[in-house]
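Undergrad: Listed here are the chains, written in short residue letters.
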Amino acid sequence: GAVVSQHPSWVICKSGTSVKIECRSLDFQATTMFWYRQFPKQSLMLMATSNEGSKATYEQGVEKDKFLINHASLTLSTLTVTSAHPEDSSFYICSASTGRDSSNQPQHFGDGTRLSIL
Amino acid sequence: AQKVTQAQTEISVVEKEDVTLDCVYETRDTTYYLFWYKQPPSGELVFLIRRNSFDEQNEISGRYSWNFQKSTSSFNFTITASQVVDSAVYFCALIRADSSYKLIFGSGTRLLVRP
Numbered sequence: 001g002a003v004v005s006q007h008p009s010w011v012i013c014k015s016g017t018s019v020k021i022e023c024r025s026l027d028f029q030a031t032t033m034f035w036y037r038q039f040p041k042q043s044l045m046l047m048a049t050s051n052e053g054s055k056a057t058y059e060q061g062v063e064k065d066k067f068l069i070n071h072a073s074l075t076l077s078t079l080t081v082t083s084a085h086p087e088d089s090s091f092y093i094c095s096a097s098t099g100r101d102s103s104n105q106p107q108h109f110g111d112g113t114r115l116s117i118l
Numbered sequence: 119a120q121k122v123t124q125a126q127t128e129i130s131v132v133e134k135e136d137v138t139l140d141c142v143y144e145t146r147d148t149t150y151y152l153f154w155y156k157q158p159p160s161g162e163l164v165f166l167i168r169r170n171s172f173d174e175q176n177e178i179s180g181r182y183s184w185n186f187q188k189s190t191s192s193f194n195f196t197i198t199a200s201q202v203v204d205s206a207v208y209f210c211a212l213i214r215a216d217s218s219y220k221l222i223f224g225s226g227t228r229l230l231v232r233p
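Respectively, the protein sequence lines represent chains A and E.
Here the first sequence is numbered in the numbering used here, starting from 1 and rising by one per residue.
Here the second sequence is numbered in the numbering used here, starting from 119 and rising by one per residue.
If we strip away everything but chain A, and leave its shape as in the complex, we get:
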């Protein structure tokens, strides 16, 4: 149980394109979803926390107009990288939480999306 599906797993697109990444909790309701960004050979950096039905809370230094997050349902959150540029190329990982400490894992991670902007 507690599977998180992230789609797409790999995106290559031209500079200026907007890219949408989906994060779905397949077998549980995720009250909270998290979006992380990971540059090569670096750690995961939290970008934002989203709760279903409310606006996302962005970490310091993350442009909310650049990285649009929508958490419209208890099973789906989306991250849209608007007008992407080469410096936005990175590995983006989402995670989902039930909001209850009911398992050993407070966050269940998706498999990540590799975004390459040409």
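Where hints are given, some of them may not hold.
[As the list claims (entries may be wrong)] No more than 20 Å apart at the CA atoms, straight line, and that leaves these computed lysine to aspartate or glutamate pairs for EDC-like:
(1) A:K41 x E:D136
(2) E:K220 x A:E59
(3) A:K64 x A:D111
(4) E:K156 x E:D136
(5) E:K220 x A:E87
(6) A:K41 x E:E162
(7) A:K41 x E:D140
(8) E:K188 x E:D140
Quick caveat, the hints were computed from the structure, so don't treat them as lab data.
Got chain A sorted already, so can you dock chain E onto it with the hints?
TA: Using the frame of chain A, we list chain E on its own:
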């Protein structure tokens, strides 16, 4: 402030050697959880273990073992008889015991196990 430090950037060992990955954390909370995750080259995060701040009992799971010492704020991870498949980046992480469930990751240790 909360912080997780993994001082070892990269470790290279020969297969069958034992290897210990260090993790030191900082927190003012009395209740918190510590984690280890494995990230193989494919990128997904694999959960390995969670330990809460009130449980200092060491844990062993097959070739993996963890040593949690609150006195030194450390949560070290040892792989016994390492295998090539253990090659990955390993992250130590800390979370507060509140409703935010916000994970604080260390910088990771890249382990290379050579045949």
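Undergrad: Indicate, hint by hint, whether the structure satisfies it.
TA: Hint check:
1. A:K41 x E:D136: Distance ~24 Å between K41 (chain A) and D136 (chain E) Cα, so the pair is violated.
2. E:K220 x A:E59: holds, 11 Å
3. A:K64 x A:D111: Not satisfied, since the Cα-Cα distance of roughly 23 Å exceeds 20 Å.
4. E:K156 x E:D136: holds, 17 Å
5. E:K220 x A:E87: Answer violated: K220 (chain E) to E87 (chain A) is near 26 Å, above 20 Å.
6. A:K41 x E:E162: holds, 14 Å
7. A:K41 x E:D140: holds, 18 Å
8. E:K188 x E:D140: Given that 20 Å is the threshold and the Cα spacing comes to 14 Å, the pair holds.
When each numbered hint is compared with the structure, violations occur for hints 1, 3 and 5.
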